[in-house]
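Enquirer: Chain by chain, the residues run as shown.
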Amino acid sequence: MPDQEKYNAADPLAEAGTEELEMPSAVENRTFDLGTMEAQSLIKPERLQDHPEAPAADERVEARSLWQDAWRDLRRNPIFIISGLLIVFLIVMAVWPGLFASTDPLKCDLSKSQQGVSSGHPFGYDNQGCDVYARTVYGARASITVGVCATAGAALVGTVMGGLAGFFGGWFDSVVSRIADIFFGIPILLGGLVFLSVVPSQSIWIVVAFIVVLGWPQIARISRGSVITVKQQDYVTAAEALGAGSSRLMVRHILPNAVAPIIVVATIALGTYIALEATLSFLGVGLKPPTVSWGIDISSASDSFRNAPHMLLYPAGALSITVLAFIMLGDAVRDALDPKLR
Amino acid sequence: MGRYVIRRLLQMIPVFIGTTFLIFVMVHALGDPVNALFGDRAPDPAVAEKIREQYNLNDPLWLQYLKYMGKLFRWDFGTTFSGQSVTSLLATAFPTTLKLTAVAFTIEVIFGIGLGLLSGLRRGRVADNSVLILTLVVISIPTFVTGYVLQYLVGVKWGAAPATVGDQVTLDRLILPGVVLASVSLAYVARLTRTTVVENVRADYVRTAVAKGLPRRRVVVNHLLRNSLIPVVTFLGTDLGALMGGALVTERIFNIHGVGYYLYQGIVRQNSNTVVGFVTILVIIYLAANLLVDLLYAVLDPRIRYA
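Residue numbers (the numbering used here), protein chains in the order written: chain C, 1 to 342; chain B, 1 to 307.
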């Protein structure tokens, strides 16, 4: 029960009138970033309780699940449609960049270094005389791969660790929570600088692995809170009373009800991971050439930004639009899953 | 209250040890610092051995860590390989970064909470929507892009503020880097404040305060804002540590010789004492900020009593 109170305490009004509160620790409840902030309200227990609204006898109401409801909301939300289309477009661009650009991003002509727009090269040339348009198009692949794989990895590890910690509690919970605290104590950019300069390999997967290692605690914390809240609901007790085992309880009853906040955090984290990859590449420890990446392009353009701003602005614009699209998607999904706003 | 503080301090110990040990291991995995010290030339084996002896590099890693921590508690961070003591390096670097962080933090608090309050009180209106869109855009643009663009526009093109800071760390030179450093956190603070203000504006105690006939200003500041600030304070506390760590990028763009600058040099030159020392201080600041936040809770929310 004390854990339950901790999560209630995040809401200043949840327990108005009760005299004694379990101390909320900022370390337990702190909100790290947009993702956590957005998902926090989804963990509040009132969301998960059954509120059967008795329909009038002659009125037949089709029962809809939270997900059907959310999907119905999403289809009407212009933000969801815009960000969804943008993401589909970006994914197509990442998978088949040849559809959008016929120039090879690695075929460069030094004599054209830093030149502006010319026919067939709408974004001009960069320092090395490469076509900025082609590099911007091809750069989508690295960013989206890192974002999607890192999020998938962090979400998987985080959900499993956090979920098990929340479900079993006890010493396992303490150990997982303390490990998560340790990883949180390391400023992420600093950790990246040290960790990635240790590893000599330059592949995309090293960057993905690093982001998973430092990213999972955030999702673990959310999924732990969410599982603890769901675990105390009546339908879980009922299933337990009917003799359901731990694994059945977890997979059939708890997971489907606890997954909503995790999805929201993961979607928003995807956007921030893409920005993180670019920042690491900018600092010179992330992806390395010949990989085509927006971070690398922005970094190499920054030296001569004053002479040729176009070299920096196009990849930076593409990067920002990608991050924005994923954050907006997460926002829209959160709105749809949060019944408070209905 | 005292018992609570002690309990929290005890809880911090494993986190502190774990974090510093992790950093210690990673830094020492960077490679042999003695070889890095000699650059391209192979070191004289006797000299290399002497240096290894001097910096305890022959011991197993855990023993090195213990020795290091033992010295740390006497406020001895060791010396860099160039003979300078890390403590003196810290003394040059930290005031600069502290000034930058203070400027950024002030901007973040004033504009973040201000915009969030404005937006929350006018939910659904033009002001609210523009704040929401503006903050989303700010969040999606990485700091280093904001940094270069603002440096170019404000510092070079319009000449409104100095483009780089260099050695003279004065307040007017720090405003532009401060804005850049604060921008993303500012957007988070504004969004968080807006969310809690929207949640609380329909609360009973606000209605009561209005019904009592209190002036609007008093209702907003003393009742609404005080209750809405609790999650915001949590965020601000944890963000203080993040700001100091995040100063890395900003300091690089604006040529500020602060913590980020020396840390970066330390990592590039594989100067393990510098890196571990700086990171340890950052971790301590981060943990202290967390404790402070917990204590501030009691001030803001009288319902919370620390037994």
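Hints in this document: simulated from the structure, not taken from any laboratory.
As the structure is a prediction and not an experimental result, all values here were calculated from the model.
The beta-carbon is built from N, C-alpha and C at its ideal position, and this holds for glycine as well.
Keep in mind that a hint or two might mislead.
Stated by the list, open to error - Simulated crosslink set (SDA-like; lysine to any residue; CA at most 20 Å straight-line):
id	chain 1	residue 1	chain 2	residue 2
1	B	K157	C	R306
2	B	K99	B	V219
3	B	K157	C	A308
4	B	K157	C	S304
5	B	K157	C	T291
6	B	K99	B	A163
7	B	K157	C	N307
8	B	K157	C	D303
9	C	K288	B	K99
10	B	K99	B	Y261
11	B	K50	B	H28
12	C	K288	B	V268
13	C	K107	C	T291
14	B	K157	C	F305
15	B	K157	C	P309
16	B	K157	C	L313
17	B	K157	C	S302
Stated by the list, open to error - Example chain B residues on the side facing chain C (calculated, C-beta under 10 Å, incomplete):
id	residue
18	V210
19	F278
20	V283
Enquirer: Each hint should be assessed against the structure and marked as holding or not.
Expert: Now for the hints, and whether the structure bears them out:
For the suggested pair B:K157 and C:R306, the alpha carbons sit about 9 Å apart, so the restraint of at most 20 Å is met. For a cut-off of 20 Å, the pair hint linking B:K99 to B:V219 is broken: about 34 Å separates their Cα positions. As the CA atoms of B:K157 and C:A308 are separated by approximately 14 Å, the hinted pair is consistent with the 20 Å bound. Annotation: proposed proximity of B:K157 to C:S304 holds, straight-line Cα distance about 15 Å (limit 20 Å).
Between B:K157 and C:T291, the direct Cα distance comes to roughly 33 Å. Violation of the 20 Å bound is thereby established for this hinted pair. Straight-line distance between C-alpha atoms of B:K99 and B:A163 comes to about 17 Å, which keeps the hinted pair within the 20 Å bound. Between B:K157 and C:N307 the CA atoms are separated by roughly 12 Å; this keeps the pair inside 20 Å, and the hint holds. For the proposed pair B:K157 and C:D303, the alpha carbon gap of about 16 Å is at most 20 Å, so the pair holds.
Taking the CA atoms of C:K288 and B:K99, the gap is near 34 Å; set against the 20 Å cutoff, the hint is violated. Straight-line distance between C-alpha atoms of B:K99 and B:Y261 comes to about 15 Å, which keeps the hinted pair within the 20 Å bound. Using a Cα cut-off of 20 Å, the hinted pair B:K50 and B:H28 holds, with the two alpha carbons roughly 18 Å apart. Between C:K288 and B:V268 the alpha-carbon distance is near 16 Å, which keeps this suggested pair within the 20 Å criterion.
The straight-line distance between the Cα atoms of C:K107 and C:T291 is roughly 13 Å, inside the 20 Å bound, and the hint therefore holds. Using a Cα cut-off of 20 Å, the hinted pair B:K157 and C:F305 holds, with the two alpha carbons roughly 12 Å apart. With a CA separation close to 12 Å, the supplied pair B:K157 and C:P309 stays within the 20 Å bound. For a cut-off of 20 Å, the pair hint linking B:K157 to C:L313 stands: about 16 Å separates their Cα positions.
Of the pairs offered as hints, the one joining B:K157 and C:S302 holds, with about 16 Å between alpha carbons and a cut-off of 20 Å not exceeded. At a threshold of 10 Å, the smallest CB-CB gap from B:V210 to chain C is about 17 Å, leaving the interface hint violated. Interface restraint check for B:F278: the shortest CB-CB distance to chain C comes to about 9 Å, inside 10 Å, so the restraint holds. Interface hint status for B:V283: upheld, as the beta-carbon distance to the closest one in chain C is roughly 5 Å, under 10 Å.
The structure shown violates the earlier hints numbered 2, 5, 9 and 18.
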